[in-house]
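Heads up: the protein sequence lines correspond to chains E and P, in order.
Take 1057 as the starting number for the first sequence in my numbering and just add one per residue.
Take 159 as the starting number for the second sequence in my numbering and just add one per residue.
Honestly, the hints are just simulated from the structure, not real lab data.
We treat Cβ as the ideally placed atom computed from N, Cα and C, and that holds for glycine.
Watch out, some of these pointers could steer you wrong.
Covered by chain E, according to a simulated footprint, are these stretches of chain P (three or more residues, beta-carbon under 8 Å) [as the list claims (entries may be wrong)]:
#1 167–181
#2 218–224
#3 316–324
#4 328–335
The calculated lysine-lysine pairs, modelled on BS3-like cross-linking and capped at a C-alpha distance of 30 Å, are [stated by the list, open to error]:
#5 K222/P with K331/P
#6 K252/P with K1075/E
#7 K252/P with K222/P
#8 K331/P with K1075/E
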Amino acid sequence: MTTDQNDPLEGFFEAARAKAPQPSGDLQVRILADADAALAATVRPAPRRTLLRDVLQGLGGWPAMAGLVTATMAGVWIGISPPEMVETLIGVQTVEYLPGFDALLEEG
Amino acid sequence: MPLDAMSEVSDTGLLVRFANGDRLAAVVLTQRLSPRALGFAARMLGDLAEAEDVTQEAMLRLWKIAPEWRQGEAEPATWLYRVVRNLCTDRLRKARGVGLDQIAEPEDGAPSVEASLIAQDRAAALQMALNQLPDRQREAVILRHIEGLANPEIAQIMEISTEAVESLTARGKRALGLALSPKREELGYDD
């Protein structure tokens, strides 16, 4: 640094600079312990690998999974309660899965 | 990177390395910055134990902000001086129980330094005279004449204009000169 030797205070400043306090070993240890703690808090551990996480990743993650679930629910709903338009489109009003079942009941 | 090679790396570079998990960078930063923080705090507070606490707290804040550090904004040393300054101001306010603006400027020619001077030591005499300056004058004088910083950097630390720094330094030095002049001959200075 530049100093002004004609400055009447310069001798005092020089003495102060020469007597600058130095950090003790204990203070440095405390500071570095804080640094370690701060580092540990910011570096997060890698997420654990599980079967569900692997399957999810294979499908494209949670967004893809959400789309898949929506499509499945829509399919189930249409199957249970088909809208009129769907019935018209496929041209079937009633589906007889067991055609002789009613007659069998009547016969006892 | 070995410790020797780290000496070539800037403070900002070291801070980035630390944020990326390099513990050695923290060691070098501690060696570089903690003496400056401690020196400033000790002269502001006039108490080494308190200055050590302030230094530790300021360095902790540096470690915590490291992951968000934006390159090209401020030098880590400048940032650290500012934190030390704020921590010291808080402590001084609490110790006095009054606001900074309420602290009266000392009158020119107050004989308190001469009356209370015990140690015949230049640094001690200066510290006693510094302790009697208003905080802002003391900050400016310490940063300029003891820490050796340039006025624009001091302006950044104190968040004021360069002209205001010059004014505070001039007023501070005038008050110091008046306080120390009676002791100049005693301490081995000839006028």
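So, going through the hints one by one against the coordinates:
1. 167–181: holds (count 4)
2. 218–224: holds (count 4)
3. 316–324: With 0 residues closer than 8 Å to chain E, the stretch 316–324 of chain P misses the three-residue bar; violated.
4. 328–335: holds (count 3)
5. K222/P with K331/P: Violated, at about 37 Å.
6. K252/P with K1075/E: Since the Cα atoms of K252/P and K1075/E sit roughly 28 Å apart, the hinted pair holds (cutoff 30 Å).
7. K252/P with K222/P: Holds, at about 25 Å.
8. K331/P with K1075/E: holds, 20 Å
Hint violations for this structure: numbers 3 and 5, all remaining hints satisfied.
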